[in-house]
Structures are given as C-alpha cells and as structure tokens.
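S.K.: Here are the chains, one letter per residue:
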Amino acid sequence: SQTIHQWPATLVQPVGSPLSLECTVEGTSNPNLYWYRQAAGRGLQLLFYSVGIGQISSEVPQNLSASRPQDRQFILSSKKLLLSDSGFYLCAWSPGARGDTQYFGPGTRLTVL
Amino acid sequence: AQTVTQSQPEMSVQEAETVTLSCTYDTSENNYYLFWYKQPPSRQMILVIRQEAYKQQNATENRFSVNFQKAAKSFSLKISDSQLGDTAMYFCAFMKMVDNYGQNFVFGPGTRLSVLP
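Residue numbers (this note's numbering), protein chains in the order written: chain A, 326 to 438; chain B, 1021 to 1137.
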C-alpha cells in the first residue's frame, strides 16, 4: 500500500532563517505531488505541484520554492523565512490519472518567530 | 477561476442525529470531480467521499452521502447517525484536470462540525 511521510512534524524557526521541508511517498511510482499551506482555522492554499522529476508548477508567487530531485521526493524550501510563512504545510500525492483522489501526509507545523 | 463556497463556518449536531453540510462551487467546466475531506484535531486530511460530475447517481459511503445538483452547482454532504468521531473540519473540494496530467484542486474554507454527546 502507499504511504506518504512528511518531515519534520513540527518546526520553530527565526525570521530570516532558511527552510527545508521534505515529503516522500512509498509504494507507488510517478505520482503527482503537491504542497499546500493551511493558515490557522482556514482552508488549504495550493503552493506547488509537480507531475514529474524536475517539473514544478507554482500556483502562488511568494517566498517559497519547491524541488523534486527524485520521483517520490518533494521538497519545500525558503532562503529567508518571513513571519507570514507560519502555518501548517501539507504534502499530498495522487496517481495522476483523470479523477484521482489526492492523499495527504500528516503535515508539518511551522512557526516563524 | 473555480471557487468553492461553504456557507456554514460552524455547525453542531447531537450524537445519532443527521446533519447536512452545504457546498456550492462555480465553474465553467463540464467534466470535473468533487470531494469531501475531513480534518480531525490531529489535522490529518482524510477523504470522506468522491463524486464524478458526469455521474448522476449520488455517491454514498456508509453513513456519508452527497446530494449532487450539477445544474445548481451544489454538493452537500449528509452525515447520518452522527458519531463523536465525526467531530472535525470538513472541506469541500473541486478538481479538474490540467494539461492532461496535473490536477487543479480548489478547497472551500471549511465547516467546523461538532458532534455533541
């Protein structure tokens, strides 16, 4: 069966510091991968999605970037964090075919101080 | 651009009763998919139910069912025999294909459901 992991689960970082959040998927190949951010008490905002290695589409221009160095690995990064980057970050995957469901990881809670 | 609206920020229901959560969406697409996800306090997003727009029959998963009205662009979720474990945020989501491979998911703002003992 397929599983999706996110690391770390919780992170507290000072303003101006770099960021690297990792997402890995097991048990499937060529997944579509997604990064979402969820502000406190709010819905999900799609940040990036990827349909293959090295292919990244950005939905919202901001202080973040994403990379996909391996088929089942998706990384969210920042060179300098802002206070507004605080939130709950969710990674998701889908098989990519028409109508497929997205399955979510457990999330990373990021607090920027 | 597609939008998803959930007009009920918070709802409550007594255990064993039935509750309906509303969702409306706006799109010019004809082929798309609709989902309901729940997010309990653990914050893990869990798929509840899925509906293909080309299917007229409403989807059902055990105690969960939807009322899909394509012309009205409405997609409500009915929870029967509510249980304490149903307490969660519920998100309605719209999905369409992008470039034949990608998927564009748009989520509503969510409805916080509390099941009361």
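Keep in mind the hints are simulated off the structure, nothing from the lab. Every residue, glycine too, gets a C-beta built ideally from N, C-alpha and C. There could be a bad hint or two in this list.
To be verified - Computed spacing ranges between beta-carbons, pair by pair:
1) L336(A) / N1082(B): 30 to 38 Å
2) Q1089(B) / A364(A): 40 to 48 Å
3) D396(A) / K1075(B): 26 to 34 Å
4) A365(A) / N1050(B): 33 to 41 Å
S.K.: So, for every hint listed, does it hold in this structure?
M.R.: Verification of the hints:
{"no.": "1", "hint": "L336(A) / N1082(B): 30 to 38 Å", "result": "holds, 36 Å"}
{"no.": "2", "hint": "Q1089(B) / A364(A): 40 to 48 Å", "result": "violated, 31 Å"}
{"no.": "3", "hint": "D396(A) / K1075(B): 26 to 34 Å", "result": "holds, 32 Å"}
{"no.": "4", "hint": "A365(A) / N1050(B): 33 to 41 Å", "result": "holds, 36 Å"}
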